[in-house]
Structures are given as C-alpha cells and as structure tokens.
Amino acid sequence: MIGKLDEALRFHETSLALRSQRQQVLASNIANADTPNYKARDIDFNAALKGALSRGSVTPPPALAQTSPAHLAGLNTKGTTSGAELLYRTNGQGNVDGNTVDMDAERNQFADNAVRYEAEVNMIGAQIKNLLAAVQG
Amino acid sequence: MSLFNVFNVAGSAMSAQGQRLNAVASNLANADSAASSTGQTYRAKQVVFSAVPTAAPESTGVKVKQVVEDQSPLKRVYDPKHPLADGDGYVTMPNVNVVEEMVNMISASRSYQTNVETMNTAKNMLLKTLAIGQ
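The listed protein sequences correspond, in order, to chains V and R. 1 is the number of the first residue of the first sequence in my numbering; add one for each residue after it. 1 is the number of the first residue of the second sequence in my numbering; add one for each residue after it.
A couple of the hints might just be wrong.
[Said to hold, decoys possible] Residues from chain R that keep clear of chain V, each with C-beta distances beyond 10 Å, as calculated:
#1 G18
#2 A25
#3 S26
#4 Q40
#5 T41
#6 K75
#7 R76
#8 D79
#9 P80
#10 G89
#11 M93
#12 V98
#13 M105
[Said to hold, decoys possible] To give an idea of the interface, some chain V residues facing chain R are shown, with a C-beta separation under 10 Å as derived from the structure:
#14 L16
#15 Q23
#16 L26
#17 A27
#18 S82
#19 A105
#20 R107
#21 F110
#22 A111
#23 A114
#24 N122
#25 I124
#26 I128
[Unchecked claim] Once the Cα atoms are required to be at most 25 Å apart in a straight line, the calculated DSS-like pairs of lysine-lysine come out as:
#27 R:K63 x V:K39
#28 V:K50 x V:K4
#29 R:K65 x R:K45
#30 R:K65 x V:K39
#31 V:K4 x V:K129
#32 R:K128 x V:K129
#33 R:K123 x R:K63
#34 R:K45 x R:K75
#35 R:K63 x R:K45
No wet-lab data here; the hints were simulated from the structure. Using N, Cα and C, we set each Cβ at its ideal position, and we do this for glycine too.
Turn these sequences into a full structure, and let the hints steer you where they fit.
Shown next as structure tokens:
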C-alpha cells in the first residue's frame, strides 16, 4: 500500500524537486546580474523531468569517492543535486564585462517557474484529497 | 528543502549590493573633499563582485571580492583663495564622477529590490509547500 502511494505521488514529487532546483538556478542568475564574467545557467526542464522519471527517483549523480580527508570535494558543477544537466543560456547580446544575464528573461522565467510550482502543489493537494476520499468513502 | 538555498543566494546578493551602495554613498559624500596636492586626496571607490559556489551545485551566491580605487587623474581646480591651495594656487579635488555614482546608486537599489522579490517569492513557495494536504 505504501509503495502504491509512493508511486501515485512520484510524478509530482519529482517535478516539484526539479522546479525548486530550477528556481535556485534562476535565483542565482538574478543574484549575479552584476557579477563580471558570470554566465547565466538554466536546466532543460522537459529533458530533466524525463531523465529523473526514467531513473525512477530523484537521486544525486555519482560523486567522487573520498578515501582520505585531504581529498578535495570534487564539486559537481555540471548537474543539479538531482542530476539534471546545468546548461548555459545562449544570449543574443552579452555585456561588456562578460556577464550574460538578461534580467528581463530571468525574471520572466523566475515568475513562470514559481507559478508552475504552485500549480504542482495544488495538484498534489487535489490528488491527496482524492486518495482520502477513496480511503474514507 | 532546497528552496531554502534561494534565501542564501538572494541574501548574499543583497549584502553585496548593500556594500556597493555604501561605496556610492562614501563617494558622493566625499565628492567635494578638497586636499592639498601633497596630501592624500580621496579617490572614488568601486566594489568588484565575484560569484561564490554554495553547497548545492545549482546555486551560486555573490560576494564583494575587493574594493578598488579609481586610478583616473584627480581634478585640479584653480582657487588661490582656498586654504589648501598649493604654490601655484591649485586645489586637488577627488575624481568622483557624480553622474556615474547616481547611476550606480539606482542600479544597486534596483538589483537589491529584485533580490528582495526573489526572496519573497521563495518564501511564498515554501509556505504553499507547507500547506500540502491541508
């Protein structure tokens, strides 16, 4: 039963995790709008969701093994915590200081992602209500 | 919950923009601080931002890497009656460009506002998440 419940909510859970990670990427872009040489990043949500669902769960990508305390952490900068590939945004116009953050595009995406996240939260709520109705009759 | 990282990122950006605003205030306040040619004349200060990686690979914060002094030539004003005038009657004035500083101020304040909004949105998302199933 618990496994079934887990399965029923898996899609929305995966999607929410990816949305919250994308929100972080976009917040980082907005925060670094004035940082020289910062390159705006984003994830391909469609591909990331497909990848995470096919792997079955939101699992982090494999990390480097640290067998000695002197080993470096080997910070993974290519993907998010759930393994979605972090891509660079290709802008038509960059800034003189090497920064590629387009503030309008970032804020647009940020608001869009926030609304979609809330929609997802509402859908989970509705699904839980459905399950409760089925349980309680 | 990974959304909490947005607070750290937006917070680091707000403090960096705050320091930039501080430098602007200092420059504007000292725009007319005259000094004799032998004394140390005030030079415009500018902050340099740099990106800092956080614990999560998807988020990047900001910090002020260094504060640099504008090395452009200082203004020399002919004013023999000034108490700080040198032998030729010139006073050295700071190289603060007031128009540039005003633009810098507006830019810093807008960036600050945007980061406050970012933080607010993340807060609302977290509160909505807490209400799941209620």
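Outcome of the hint check:
{"no.": "1", "hint": "G18", "result": "holds (13 Å)"}
{"no.": "2", "hint": "A25", "result": "holds (17 Å)"}
{"no.": "3", "hint": "S26", "result": "holds (18 Å)"}
{"no.": "4", "hint": "Q40", "result": "holds (28 Å)"}
{"no.": "5", "hint": "T41", "result": "holds (27 Å)"}
{"no.": "6", "hint": "K75", "result": "holds (26 Å)"}
{"no.": "7", "hint": "R76", "result": "holds (30 Å)"}
{"no.": "8", "hint": "D79", "result": "holds (37 Å)"}
{"no.": "9", "hint": "P80", "result": "holds (42 Å)"}
{"no.": "10", "hint": "G89", "result": "holds (40 Å)"}
{"no.": "11", "hint": "M93", "result": "holds (28 Å)"}
{"no.": "12", "hint": "V98", "result": "holds (20 Å)"}
{"no.": "13", "hint": "M105", "result": "holds (13 Å)"}
{"no.": "14", "hint": "L16", "result": "holds (8 Å)"}
{"no.": "15", "hint": "Q23", "result": "holds (6 Å)"}
{"no.": "16", "hint": "L26", "result": "holds (8 Å)"}
{"no.": "17", "hint": "A27", "result": "holds (4 Å)"}
{"no.": "18", "hint": "S82", "result": "holds (9 Å)"}
{"no.": "19", "hint": "A105", "result": "violated (13 Å)"}
{"no.": "20", "hint": "R107", "result": "holds (7 Å)"}
{"no.": "21", "hint": "F110", "result": "holds (7 Å)"}
{"no.": "22", "hint": "A111", "result": "holds (7 Å)"}
{"no.": "23", "hint": "A114", "result": "holds (5 Å)"}
{"no.": "24", "hint": "N122", "result": "holds (8 Å)"}
{"no.": "25", "hint": "I124", "result": "holds (6 Å)"}
{"no.": "26", "hint": "I128", "result": "holds (5 Å)"}
{"no.": "27", "hint": "R:K63 x V:K39", "result": "holds (16 Å)"}
{"no.": "28", "hint": "V:K50 x V:K4", "result": "holds (21 Å)"}
{"no.": "29", "hint": "R:K65 x R:K45", "result": "holds (13 Å)"}
{"no.": "30", "hint": "R:K65 x V:K39", "result": "holds (17 Å)"}
{"no.": "31", "hint": "V:K4 x V:K129", "result": "holds (16 Å)"}
{"no.": "32", "hint": "R:K128 x V:K129", "result": "holds (16 Å)"}
{"no.": "33", "hint": "R:K123 x R:K63", "result": "holds (22 Å)"}
{"no.": "34", "hint": "R:K45 x R:K75", "result": "holds (16 Å)"}
{"no.": "35", "hint": "R:K63 x R:K45", "result": "holds (16 Å)"}
When the structure is compared with the earlier hints, a violation turns up for hint 19 alone.
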